[in-house]
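*Asks:* Sequence:
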Amino acid sequence: MSPQDPGRPGASGKPRNPGGPAAVRSPLDRWFHVSRRGSTVAREVRGGVTTFMAMAYILLLNPVLLSVPDRHGNRLDPAEVITATALAAAVTTVAMGLIGRAPLALAAGLGVSGVLATQVAPEVSWPQAMGMCVIYGSVIILLVVTGLRERIMDAIPAALKHAITIGIGLFIAMVGLVNAGFVGLGEPGSPVTLGRGGHLTGWPVLAFCVTLLLIFMLLARGVPGALLVGIAAGTLASMAATAAFGIGDEEWGGAVPELPERLVSAPDFGLLGNVEIGGLAALGATGFTMIVFTLVLAGFFDAMATIIAVGHQAGLTDERERMPGLGRALLVDGAGGVVGGVASASGQTVFIESATGVGEGARTGLSAVVTGLLFAAALLFTPLALIVPGQVASAALVVIGAMMMQNSRYVDWTDRATAIPVFLTVVLMPFTYSITTGVGAGVIAYTAVRVAQGRWREPGPLMWLLTAVFLVHFAVGTGGAGE
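Residue 1258 is where the sequence shown starts when you use the numbering used here, and the numbers rise one by one after that.
Calculated from the structure, these hints are not laboratory results.
Computed from a predicted model, the values in this text were never measured in an experiment.
One thing to keep in mind: the hints can contain errors.
Between beta-carbon pairs, the in silico distance windows are [stated by the list, open to error]: (1) Ser-1447 / Met-1662: 40 to 50 Å; (2) Val-1325 / Ala-1732: 42 to 52 Å; (3) Gly-1452 / Arg-1714: 32 to 42 Å; (4) Pro-1718 / Thr-1450: 38 to 48 Å; (5) Val-1726 / Val-1513: 26 to 36 Å; (6) Ala-1709 / Phe-1473: 36 to 46 Å; (7) Ala-1539 / Trp-1713: 50 to 60 Å; (8) Gly-1505 / Leu-1470: 49 to 59 Å; (9) Gly-1455 / Arg-1408: 46 to 56 Å.
Note that beta-carbon positions come from the ideal geometry of N, C-alpha and C, so glycine has one too.
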């Protein structure tokens, strides 16, 4: 796109209107403000397709994260999870386009899915775990409606916000490494090892390594859709190895990567509405509160930052980084927790991959509608998604974890008062396999360091309240926190 392209924002940051005031505008144009934002329908469609291609990997990764058994030993069916993931993404992304009118796409948040899989499901049933999504989504909606969301954002120190994102990234990377068999449990004195039993063995681990390196190489080359391309290539290589060497289901640890009898099938909505609003009895009051708080954190901070970042890239923000319709966008994002819970797909949140569509010219909610419709079309291709080995999909989890590490550049590591709570937050999430533990340690350490500096007023009432809650949580040691 050249500097003279009318689709680019002007010097003031506001898109030019190539159509002019006298241009005839269609109902579609009037609703989405296509020409007003300096775009065209063709650009919006192209941007919507690009965004879908950049984030379609979630259809493969979410089932991997949600593959663990619940308290009763029950597992979610992968085909049903893929359907639920596509359905929830389609509904929330179309809603963002129509209501938020912004080029933002939503899908299952990997941080939320990680919390559900490692901290919630082991303590309750999967329907109750999804009920927790409905609860946390309702809490976020309430915070948005009352205006408290922005106040809370301001109350929690910026360094801890970045630490939470970094820690979740390492946590997701650890999940990927363990699921792929690249990291295994060791002997006493060596908690984790390279591979299971101290060795890397088997074709599946090789598939993971090859896919991981390939995706990193594609990213370094700036290849569009590097994650999806890498997963596709890793899957094809796995299929070839399976056919050539007769690798069986036992070695893959799940579905064998081979072509299904049919590539298209009717979607299986077996998980839709399989939700139970409960879990308080199993988790206890403290554990229940901590889980809801952790889920809110997992889907809370990145959403506003992502919305503002993508809005800025699209030229939709003003000089104070305010974006028109931010309240509507945040409301849809909060509703994503409810929709994801009802669909049994995990809480939905805005994806930073929306920026890829903006890079292709998207400026309005029309592109989000296109992305959502493509997720709806993906409902028919579940058999195709099921051929992706878990080890190949796990490579993408590690890559996403690496991407989330970029937030570390915002942390002043030379300031010990900042570095100490950030370090504890980041390191304890993967090492304890608990996001709640990392957040709690960071909050307590932040307050303690400020007291040691004689700056006890600086944390503010909310941080002192959170500190007290986490101290009770660690003292009582009740369920839901990964104990």
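*Asks:* Return the numbers of the hints above that this structure violates; sort them in rising order.
*Replies:* 1, 2, 3, 5, 7, 8
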